[in-house]
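S.K.: Going line by line, the protein sequences match chains C and G. Each residue of the first sequence is one higher than the one before, starting from 1 at the first, in my numbering. Each residue of the second sequence is one higher than the one before, starting from 1 at the first, in my numbering.
These aren't lab readings, by the way, just hints derived from the structure by calculation. Everything numeric in this text was worked out from a predicted model, so none of it was measured. All residues carry an ideal CB built from backbone N, CA and C; glycine is no exception. Don't take each hint at face value.
As the list claims (entries may be wrong) - If you want a taste of the chain C side facing chain G, the calculated C-beta under 7 Å gives, among others:
no. : residue
1   : 138
2   : 141
3   : 142
4   : 145
5   : 148
6   : 158
7   : 159
8   : 161
9   : 162
10  : 165
11  : 169
One-letter residues, chain by chain:
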Amino acid sequence: MMTRPRMNAFRFAAPQTFYPLAGRLVPWFAALAAALAAAGLYVGFGIAPEDFQQGEVYRIIFIHVPSAWMAMFTYLVMAGYAVLTLGFRTRLSAMMCRALAPTGALMAAISLWTGAIWGRPTWGTYWVWDARLTSTLILLFLYIGYIALVAAIEDEQRADRAGALLLLVGVVNVPIIYFSVKWWNTLHQGASVSLTAAPKMAATMLTGMLLMSLAAWMYTIAASLHRVQSIILERERHARWVRQLFA
Amino acid sequence: MTELGTLAWALRRDLRLAMRRRGDALNVLGFFALACSMFPLAVGPQREWLTRIGPGVIWVAALLATLLALPRLFEHDHTDGTLDAMIASGRPLPMVVAGKLIAAWLVTGLPLIVLTPVLAVAFSLPMHALPTMLASLVLGTPTLLGLGAIAGALTLGLKAGPTLVTLLCLPLYVPVLVFGAGAVEAQVSGLSPAAHLALLAAGMLVVALAAPPVAAQALRISVE
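Can you make the complete structure from the sequences, with help from the hints?
M.R.: In structure tokens, the structure reads:
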């Protein structure tokens, strides 16, 4: 049979074609993550100057801020995949949701943990019930709730769609996190990086933070692609292409 | 049958069922009163403390009592097959859900609010704060039920259902709790609770419009 070679935007929406692509991409993203993290940590801990108010303690932002961003952004990406899942019943998008959830939860946990370490010397306490901390905690609970829900449902299709619906309900929370600083205006310092105003931090500090943010992105992509490969194999284990793969 | 007819039908049906099983609603009410009564025993009977924690305690207890009421919302109808029949009947499912939610509020939400003045006295809440306390509960408890209906529908028939509902609901309940208890807090400390109450009302309106269709969609996903 003759098949015409054609470009199809949805070619990689099929788990069978996405599996080898993900396998090829994972090493690249993992290597980029390692290189960017090494550069970011070098800039952040080696080059960036000491903060005149906070001293050396501030350096934890090179981990804290990227993980907090990543935790929020990952949830948005999952919500995007949730729309695809509910709207087009695409299987791969639901698998991506599942693959992203543990990394998102990890990022939220890291940002809370590093925030607590930073808060002790700076605010004098590990934890304050300020709006931003609390909403990051809620974000972590949203991740845990999603993971628990999809784990509790045995039927794959139901788990995918129920999880997607929960993500869409939960995504209302993410803007609340972001704007909570403005709304409730409590102990937490205002956002230090803004797209509209000139950055208030030294250029090297900003460079370090952006490098670490990119590293967090690359890590998240690598980890979720690796995880989605396992999910694809598990779900398609009876498909012929998987059996041929391990023949 | 019209949309509103369906809503009225579901409302009447659930109210009648609740009247036949009065124990369920009374259990929720008993839980609410008992949960509130545990706090003075735990923190001590000093009136200043009780006045201080009263609004928060009553709100948390109301929230947990609502969680207790959630499994009944769809679970009975699911196990005896009524839910499948409702979906197959072609009646607008969001309207069925809306009717069930109103019934659930009348059966569990409203009694909590009626009991609240007694608990407010037990916590030495200043009398001038009582109207705000009641208003915040009137505006907040429907939101709790609406969000809970979505979680209840998503976890329909699961073994881990009740625990999972708690896990899914509590994060979503946080804003309601913050503004609900915050309204009373503001009133007690001499500030205007208007902003809190307005936000609660806004939340209730959004949930009143969004929860029935979303929960209906969740029910479809769960029984498909």
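S.K.: Indicate, hint by hint, whether the structure satisfies it.
M.R.: How the hints compare with the structure:
Because the beta carbon of residue 138 (chain C) sits about 5 Å from the nearest beta carbon in chain G, less than 7 Å, this interface hint is met. Annotation: interface hint on residue 141 (chain C) holds; nearest CB of chain G at approximately 4 Å, less than 7 Å. Contact between residue 142 (chain C) and chain G, as hinted, is supported at the beta carbon level, the nearest pair being about 5 Å apart and thus within 7 Å. Because the smallest distance between the Cβ of residue 145 (chain C) and any Cβ of chain G comes to about 5 Å, under 7 Å, the interface hint for this residue holds.
Interface hint at residue 148 (chain C): satisfied, since its Cβ lies 6 Å from the closest Cβ of chain G, which is below the 7 Å cut-off. For residue 158 (chain C), the suggested interface contact is upheld, since its CB lies about 6 Å from the closest CB of chain G, less than 7 Å. With its C-beta approaching chain G no nearer than about 10 Å, residue 159 (chain C) sits outside the 7 Å limit, and its interface hint is violated. With a least beta-carbon distance of about 4 Å to chain G, the hint placing residue 161 (chain C) at the interface is held under the 7 Å criterion.
Of the supplied interface hints, the one on residue 162 (chain C) holds, with its beta-carbon coming within about 5 Å of a beta-carbon of chain G, less than 7 Å. Hint on residue 165 (chain C) holds. Least Cβ distance to chain G is approximately 6 Å, under the 7 Å limit. Against a cut-off of 7 Å between C-beta atoms, the interface hint on residue 169 (chain C) holds, since the closest Cβ of chain G lies about 6 Å away.
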